[in-house]
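Chemist: Letter by letter, the chains look like this.
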Amino acid sequence: MAITEQPPLELGPGDAVRYAEKPLGVFTRPQQGRGWRDWLSTVDHKRIGILYGASAMFFFLVGGIEALLIRLQLAAPEGSVLSADVYNQVYTMHGVTMVFLFIMPLAAAFANYFIPLQIGARDVAFPRLNALSFWIWLSGAIFLNTSWIVGGGGADCGWFCYSTNSGVAFSPSHGVDFYAIGLQILGIASLVSSVNLIVTCLNMRAPGMTLMRMPVLTWMLLITQFLLLFALPVITVALFLLMFDRLFDAQFFNPDAGADPLLWQHLFWIFGHPEVYIIILPAFGVVSEIIPTFSRKPLFGYEFMVFSGIAIGFMGWGVWAHHMFVSGIGPISVAAFSLSTMFIAVPTGVKVLNWLATMWGGKLRFTVAMKFAVATVAMFTIGGLSGVTHSVAPADTQQTDTYYIVAHFHYVIFGGGVLGLFAGMYFWWPKIWGHFLNERIGNWHFWIMLVGFNLTFGPMHILGLQGMSRRIDTYARGYGFEFWNMAATVGSLLIAVAVLLFIWNVVKSKRDAPHLPLPGPDPWDSRSLEWSIPSPVPVHNFDTVPQVHSRDDWWHTKYAENDEGKVVRVATAEEAAQTGEATGVHLPSPSFWPLAVAVGLPLIGYGLIFSLWLALIGALVTIASLYSWAMEPVDDPDATHDHHDEDHEDDKNEDDQAGGHDS
Amino acid sequence: MVITVADMRRTAGRLLAAALTLAGVAVATGCASDAELDTFAPQGPIAKELHSRGVLPVFWIAAVVFVGITIAMVWLIWKNRVRNYDGDDEWPAQTHGHVPLEVGWTVGFLLTMIAVAGIMLWSLPTVDATEDNTMVVSIDDRSVTWEPTVVVVGNQWWWEFRYYFSDQVDLADLRAHGDAKTLPPADIVTSGQMVIPTGEEVELIITSRDVIHSFWIPALNGKRDAVPNRFSPWKIEASDPGFYFGQCTEFCGLSHSRMRMQAVALTPADFQTWVDRTSADAVEPTDPEALAGMEVFAGICTSCHVVEGVNDDVFERADQASGAAPNLTHFANRSTFAGGILNTYNADGSLNRTDLEAWLRDPGALKENYTVPGEQYRGMPDLDLSEQQIDDLVAYLSGLGAKPAGWIIEATQVE
Chain A
305 MAITEQPPLE LGPGDAVRYA EKPLGVFTRP QQGRGWRDWL STVDHKRIGI
355 LYGASAMFFF LVGGIEALLI RLQLAAPEGS VLSADVYNQV YTMHGVTMVF
405 LFIMPLAAAF ANYFIPLQIG ARDVAFPRLN ALSFWIWLSG AIFLNTSWIV
455 GGGGADCGWF CYSTNSGVAF SPSHGVDFYA IGLQILGIAS LVSSVNLIVT
505 CLNMRAPGMT LMRMPVLTWM LLITQFLLLF ALPVITVALF LLMFDRLFDA
555 QFFNPDAGAD PLLWQHLFWI FGHPEVYIII LPAFGVVSEI IPTFSRKPLF
605 GYEFMVFSGI AIGFMGWGVW AHHMFVSGIG PISVAAFSLS TMFIAVPTGV
655 KVLNWLATMW GGKLRFTVAM KFAVATVAMF TIGGLSGVTH SVAPADTQQT
705 DTYYIVAHFH YVIFGGGVLG LFAGMYFWWP KIWGHFLNER IGNWHFWIML
755 VGFNLTFGPM HILGLQGMSR RIDTYARGYG FEFWNMAATV GSLLIAVAVL
805 LFIWNVVKSK RDAPHLPLPG PDPWDSRSLE WSIPSPVPVH NFDTVPQVHS
855 RDDWWHTKYA ENDEGKVVRV ATAEEAAQTG EATGVHLPSP SFWPLAVAVG
905 LPLIGYGLIF SLWLALIGAL VTIASLYSWA MEPVDDPDAT HDHHDEDHED
955 DKNEDDQAGG HDS
Chain B
111 MVITVADMRR TAGRLLAAAL TLAGVAVATG CASDAELDTF APQGPIAKEL
161 HSRGVLPVFW IAAVVFVGIT IAMVWLIWKN RVRNYDGDDE WPAQTHGHVP
211 LEVGWTVGFL LTMIAVAGIM LWSLPTVDAT EDNTMVVSID DRSVTWEPTV
261 VVVGNQWWWE FRYYFSDQVD LADLRAHGDA KTLPPADIVT SGQMVIPTGE
311 EVELIITSRD VIHSFWIPAL NGKRDAVPNR FSPWKIEASD PGFYFGQCTE
361 FCGLSHSRMR MQAVALTPAD FQTWVDRTSA DAVEPTDPEA LAGMEVFAGI
411 CTSCHVVEGV NDDVFERADQ ASGAAPNLTH FANRSTFAGG ILNTYNADGS
461 LNRTDLEAWL RDPGALKENY TVPGEQYRGM PDLDLSEQQI DDLVAYLSGL
511 GAKPAGWIIE ATQVE
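Protein chains in written order, with our numbering: chain A, 305 to 967; chain B, 111 to 525.
The hints are simulated quantities; they were obtained by calculation from the structure and are not laboratory data.
Please read all numbers here as calculations on a predicted model, not as lab measurements.
The C-beta atom is built at its ideal place from N, Cα and C for all residues, glycine as well.
Among the clues, some could well be false.
[To be verified] Quick look at which bits of chain B chain A covers, simulated, 3 or more residues with Cβ under 8 Å:
#, region
1, 215-221
2, 230-238
3, 483-490
Please work from the sequences and hints to get the whole structure.
Modeler: Here it is in structure tokens:
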């Protein structure tokens, strides 16, 4: 841990905002404070997590509106809400938005916020890089969506954007250009973040926090970061080729020049399949924290859970061509990828049974968080099993590219991923904000969302098996599609109601908070380190860096087992928790440069599409910002704050001295 | 605020009732009564075998696992739920795991998946292996032994079917040839409706001239993508005469949803009749209106369309990105047009003048297109035809080829 002991500095909430002299004559060196400007320069992993989360929820609404448009168009045969052209743009942007702008950044929010807290660190390894990931992600997200306004519409090639349909001849608007460049920008963000979080997990754990004592959420997030690290370069290569094809007349995907369109499919799915696990593993981690807490039992088979997560991460690299069973890749390849796909079901099934075994003999308390967590397991199981049915490659020739697949992956991504992350929000909300989400509204949210979800995506299994193709903007009467499409549309409206309830819950909970009892550090009687510090988390996280003695260390601080094997309380959470009143804690200095670097990238993007002069300006902004960043002192000389990017090794010793609970 | 277990049970009960009602309504409304694309109603022998060997066994396995896990979960919730947690400081036994148990269910899942793998390996040959069956077809007054093969070419947004009887092609030939835009001349070139003989396994060689499409007649077999620069083998077979619907299933751009096709299975004798009719060049019309239509056709339509005997000797490529538009030599012999989305005839057998005229008047209104002058077209452009020209063209087109049998017209009606 990179915390150095320096002359004391009061850093409680309510510090005055102070600005130092301009170190480089460009920006005033910002300091930690509470104004809106401090959010622009923050390097605090918690604030960056909140920024990720809030932006992700905004794009959830954008993607949700796109989803509702799709469902309204398909509610009845010969729908005329959208033209075919607009429909293709909307369904493409729905997919891109939900994957890249909602669920990935929402998982990133959890990763940013909770990895340091769960491993007993005061920030991530590279705080300014962390800010850089967020701002680049946001600039990419905004860039991508501006194609609606300045690009002649959104991309219309599907999120998978298969060659040759992605070529200029078949998609002449700028939508696909925005897709190709926008996803490259988003990729930089994820890549930077993955390196940062991997280093954080490996190097910044509190003393005694061995890898096999890390909470499962942190484990799953760590695996996710490795998947991102290796998957994103592949899609970046593909996007780079596509960009050159479209903007500079390259011939990588031109069949008339001898190209094989399957090249894109391979590149896309080598990224695209691990992407599924990038989406689902964080939710698995969340569920693995919540079910033990509300079952009053430790996670059943911690080692199996960790290693099955690792196994999923590894095997996820060997299954990509199951998206291509009907592409004509030959029976040997089909058989091989069919087999590898089946065997990835083994570690996944193990996880499901271990969650059930955690509940076995437990004392289950069905808070909203627990309901969402259990629903995640149940819904994911359905999605996993429908996945098994089309892992049988010949059977898949009847199912692929039908609504059966749409049903399948929504059960995995929405049923598994989104419900899981909602569980996480209800669970950690008091830790982040210092007040609970309202449980009564939460219950309505849960049940309406669960029913709406099943009503939307359940019928799609039937529609797919009845032969309804994916990605069609309308369908004719007489194929038997009418009833279930209407049902799905009704279901999607229920989901919309549930989302509105969630937003209402956020607003109302905040408004009611002053009249309600505070949650205290550990409202759910939970197990991991983030519950040993006050809610909301003080800016420096830990007063003293904890010394970890065992897995679920915080629980063992509160409880012990007596001679008869009974659990007895040894301390209350309030007694054992840190107070958050430490002084003399030194934190990294804020910086505007990550934001400035991120501003340059979309300018390069617009420039590549519209005028290379603009790209030049964008490049200058980016390069100048990077240089300014490099020359910005790591420690603000005028502040007593201390940036801590360096000297990890030296700090280790001091950490050890500072370790241990202060209870 | 805490919701009680009683609340939950009540809600769950209501949900169950709602779900059952819904399912009842669905069954009552006969949700699958006329579902021509239904994958659970296979009709050809290949599709039936695929269904019974591949689809159903794995669905049963998945169903059993699903029921098992769901029952376990419901039981666990039922048994272990706690109504009032507050103030309860009793903790259950702290089980951290049980290695034999966990190894047990790892092995259990492994065995299950080995069974699924067996299903896969057992059913894989049903879609891929090809018999070397032959049939005798008479073409241009001579008999040839034909290995039933149809070259299937995807285009935005219609399917072309090419039949080679005189100079038969096979997969290796076409792969060596490499390019779907300049295929060797065929005896019969048709679109929208693939005609096949019953009782014969028909090999399909699937390719595309523009983007990736996917050929799928669910009642006869699964699907296979049509990929530019690739020739992929596939097969279908129908035991009984009949019509089998399909829809392009790989997203292929703007009007993907309006790219449909049908397989029409005829007895070998009827198939021969169809071959006789459709292998001939177009006959020059005698009716003055149709003659006028032919002139309009020669002046405007021949920049994209071919009618054999009219412009096949000079035609090079169409203005479309695919370089092709449907061959109209036997237009009237097909009961659908415009990529399988419109009926050439009304159900009573009369010409569907309404849709034909509407299509000629403004094709983009029925099927979105992209026809910016100077760029490669996708779909049929609006030709700005006068009403007189439209009438003449309808007269000409409706005389190209023989009207199909009444049962075919009736059975192949779209909508």
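Chemist: Under the constraints set out in the numbered hints, which ones does this structure not fulfil?
Modeler: none
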